[in-house]
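Novice: As a plain string of letters, each chain reads:
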Amino acid sequence: MRHMIRNVFHSPKFVWGFGIFVFILIFCIVYPLFNPGNPLEMLQVGGFAAPGTYVNVYDTVAADINKEETLKIKFRLPGADEKRLESVLSADDRNTMLKFLAKVGVDTSEVDVEDLDQLLELWEKYFDPTSQPKGITRADWNKYKRINNAINRISSTDRRSVSEKDQDGQMAAVGDFSSIDYVSVDEVANHITLPLGTDNFGRDMLKELVSATLTSVEMGFIAGTVATIIGLLFGLLAGYVGGVLDDIITFITNLFTVIPGFVLLILISFSIGQEQRGVTTVALVIGLTGWTWTARSVRSQVISLRNRDHVNLSKLSGHSLFRIILSDILPYIMSYVVMAFILQVSSGILSEAQLSLLGLGPKSTETPTLGLMMNWSMLYKAHTSGYWWAYFPIILTIAGVSFSLNLMNTGLDQVFNPALRD
Amino acid sequence: MKKLVALLIALAMLLACVGALAETVTEIPRNETLYFAGQQWGTVASWNPIGVNQNNSMAIAGNEGGYRTLVWETLYMYNPLDGGLYPLLADGEYAWNEDMTELTVKIKEAAKWNDGTPVTADDVKATWDVGLYLGNSTGNGYKDFVAGIEVIDAKTLKIVSVKNAEGAPANPLKLLDFISGTPIVQGAWIESVKAAFGDDVAAIQTYTGMEDGAFVVPHSGPYTRYYDDDQKVILVRDDNYWGQDASMWGKLPVPKYIGHAMYADNPAGDAALKAGEVDVSQQFISNVQDLWLKDELPISTYYEEAPYGLCLTMPTGWYNLNLPVLQIPAVRKAIAIAVDYDAIIASAMTNQSPSFADVPRSLMNPTPGEQALYDHEAVKDLQWAGLDIEGAKAMLDEAGIVDADGDGWREYNGEKISLNAVCPQGWTDWEASMEIVAAAGEKIGIEITTLFPTADQYYTVFTSPVQTEYAIFMWSPAAASPSQPWGRVYGLMSSSFKGIENNWSGNFGQYENAEVDEILAKIPTMSDENEIKAAYTRLVEIYLTEVPSFSLMYRPSVFCTYNETVWTNFPSDDGRNIPPLDCTDGYGIAALYDLELVGE
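Order-wise, the sequence lines are chains Y and B.
Okay, so the first sequence: first residue is 145 according to the numbering used here, each after it adds one.
Okay, so the second sequence: first residue is 10 according to the numbering used here, each after it adds one.
Note that these hints are calculated values from the structure, not bench results.
When the alpha-carbon atoms are kept at most 20 Å apart in a straight line, the in silico PhoX-like pairs for lysine-lysine are as follows:
no.	chain 1	residue 1	chain 2	residue 2
1	B	Lys121	B	Lys164
2	B	Lys172	B	Lys152
3	B	Lys303	Y	Lys525
4	Y	Lys269	Y	Lys247
5	Y	Lys507	B	Lys452
6	B	Lys303	Y	Lys289
7	Y	Lys289	Y	Lys247
8	B	Lys164	B	Lys134
9	Y	Lys278	Y	Lys243
10	B	Lys303	Y	Lys243
11	B	Lys542	B	Lys389
12	B	Lys115	B	Lys134
13	B	Lys283	Y	Lys525
14	Y	Lys243	Y	Lys289
15	Y	Lys247	Y	Lys278
Estimated spans, in silico, between C-beta atoms of each pair:
no.	chain 1	residue 1	chain 2	residue 2	range
16	B	Ser504	Y	Pro339	47 to 57 Å
17	Y	Met315	B	Ala255	53 to 63 Å
18	B	Asp416	Y	Thr337	33 to 43 Å
19	Y	Ile324	B	Asp582	39 to 49 Å
20	Y	Ala294	B	Gly144	55 to 65 Å
21	Y	Thr425	B	Val475	26 to 36 Å
Not everything, but these chain B residues come out facing chain Y in the computed CB check (under 7 Å):
no.	residue
22	Trp301
23	Pro307
24	Ser309
25	Asp351
26	Ala352
27	Ala355
28	Ser356
29	Gln434
30	Thr437
31	Leu460
32	Thr577
33	Ser581
34	Val607
Heads up, the beta-carbon is just placed ideally off N, CA and C, and yes, glycines get one too.
Bound-form chain Y, shown alone (with noise of 0.2 Å):
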């Protein structure tokens, strides 16, 4: 046993294959705890927030109005009014504004966009937000508003100051501070920091993901063990009894295998109904319509095992059926149902994420799982929208579980197989 471990874990396909899958695993275990809450909290007011670090707004400004002594750091970063302005007026709204000159007339040829003076000298002068001038499109023109009110933002001052609305209602200025001003992010009371944004209800992905991971992962062990013991059981049997039983057991068997797998699967989801489809029962679901081919493999398997001479020799010291399966039979296939049980595992995992993207997956309230979470990412058109962490990562972890499993199981073939053994 110990030999056999040792050569398993000297195959390199194995070694990585579990590598992986066991770094996800203690991903998903250890992140919850240092991210500790539920996973499926809307944090968000609406959704898709994209990847990042937000600071609260509010904070920063009370981080340094509210305090005794000034936490604001100077310093002069080279570029920081280049940037400051390009995220008022891009370059873009800068070439937009010089194609709403050209259209009222202006000769353009001699104005440069980089020259902001002039070009804004320009725009006062020909742009009237309160007329829009013939033969512009609304959306045009809409644009051109919005260029406009970003104009009226930008502040020649290099101070700035808050303000309170005090108990009369008159505003008085309670703080200020200048454009070269800096608050380290540790004094801003709140930020949070969404390695993978929200999605559409504005919930934490990473969070949401990983505990996703964890359960689907556990749907993909209920469902392979589900299917692993019933073909396993049905193959063993088939095969050694044979005759009658053997008969009946392989007309089942046929029966299952015609029928699509996956049509039976929808359609033994759909009649239980949504309010009965927790994760227990889908994954059961799964397990009861996969275990056609370890049923069909195993009985070949057992086929060629029958007639060994330790069998007979069982046979004839008048071993029971079982103890003859149990310890003649089962050791010599052993190496074939762990891997079996590793591809039900895999397939598990995706007949689960086909499932819920189909919305027959689990009930949605209760635990988030990937196919889930990909349905919902779907539903509000995360990949026609852009929204790319909405659904990129999901994919990226159903196929990095599927291919860590698959790499194991070949990994697996290539130390058990004597064909395929170097």
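Guided by the hints, dock chain B onto chain Y, whose structure is given.
Specialist: Okay, now just chain B, sitting in the frame of chain Y:
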């Protein structure tokens, strides 16, 4: 040699097909056609305005907000912006008699059918009579309100209201719906159809209005059928349209053709809009602002800022009062005040709805006309903006609904309260709303799970008066028409729908309140503005106290997004008073007369 011949024949056939295809596609020039999306799903069934199930939304569509008057016209056009009725076939204002039992309408001298004969009072009468006879949408929709139509002279008619036992009109508001929602059909044609089919009602109902591939039904509108198949519907302008008379529009509508391709689903329609193949889209587009802010496309909506469209209705969560625990008003109100409506509006509507802080909840849609109908100060303390978890908990504690066994969930009669929140599967924005309602339940100790059955399953259950399967379920009340908000309030609270099988009309939760019924019966005949306001204020007060249902968001009844690649000067919040009803419905059709080509 044989092979070569076969190949050549095959090639020739292919070329012929491609040629035929190219011909129909290139037949209508892009810059003379206004293309739509999100209206017509599937092949047109018929062009028969008095039939049933026509599935012909470009020509025959009674949308909330206004009737589509491209082919057949109504007497008046409704404008939800100001609540006004603008004359179309009618001439000038309608007139009520003293006790509001008779409505007199004149017809324009210029109004003509496309065959040149004048539109007369007899045509209106024939339209009504045949509607009643056939049981089509005109007949069924108004038979409880319209007793009959009297022809006074060729251009004058009188609509007589059904009277109740006291001799008062059944509902004068419904007569206003009738004159703005009923397409008028030519009497002579109706007679000819009746003569052709005799007593066979079903045959008249399913008659297609087509003879040998030609459209034969007379109509008065500016457009007529040009082409339709399973791929597209095209209407063409009738250049002899009577409306170019100075007494109506004074000109023809600008686009020569109206086109609508059949898109497989919303994403396909959205893609066509983005590509500039569609000019006006009636589809909900999430984060519509991204189309111009991020994608920089020449796309715009009625309002430049959120909510972008004209919200006329409010999708509502209904409580099933067949369930004992939901018969307790405190439970209903507690759940309703705990819900995070801002999250619903941000998530389900991507902020294309005003918030309940901007437009406080009542029975009214957010249009100024309806908002002015109740006293905001009087009900201020009853309105809630949501996410009031502590308030909800206190309310439940006070009502004695507490968690006695300490499992985190409250009990009623010793049993854990477990409810579901239900809407049809695949109705994404509704599903999201129900998820958010469920999340609110968890925060106040009431278990709410979501359930998304298929649409037909859902329809069967929620329209049943005795169902106990769904606890909280979604449906929208009426949007906008001359009889609103009365019709909406009636649908939300009237006990007349209680116990009705196959109830699609309202009060799905089986609420009953005698005072509400009494006020609702009086409002239609009230004429004093203060009296009407007092009545509505009282109804809002009851609604917000008893909470038989709760609005989840505000929502347009039709969506309207324009792509200005080809056409421009679409209606916007620009003072023209043209509602964003897709340039086709009610007074929204006025937009067609103002369109301009881009770059001209």
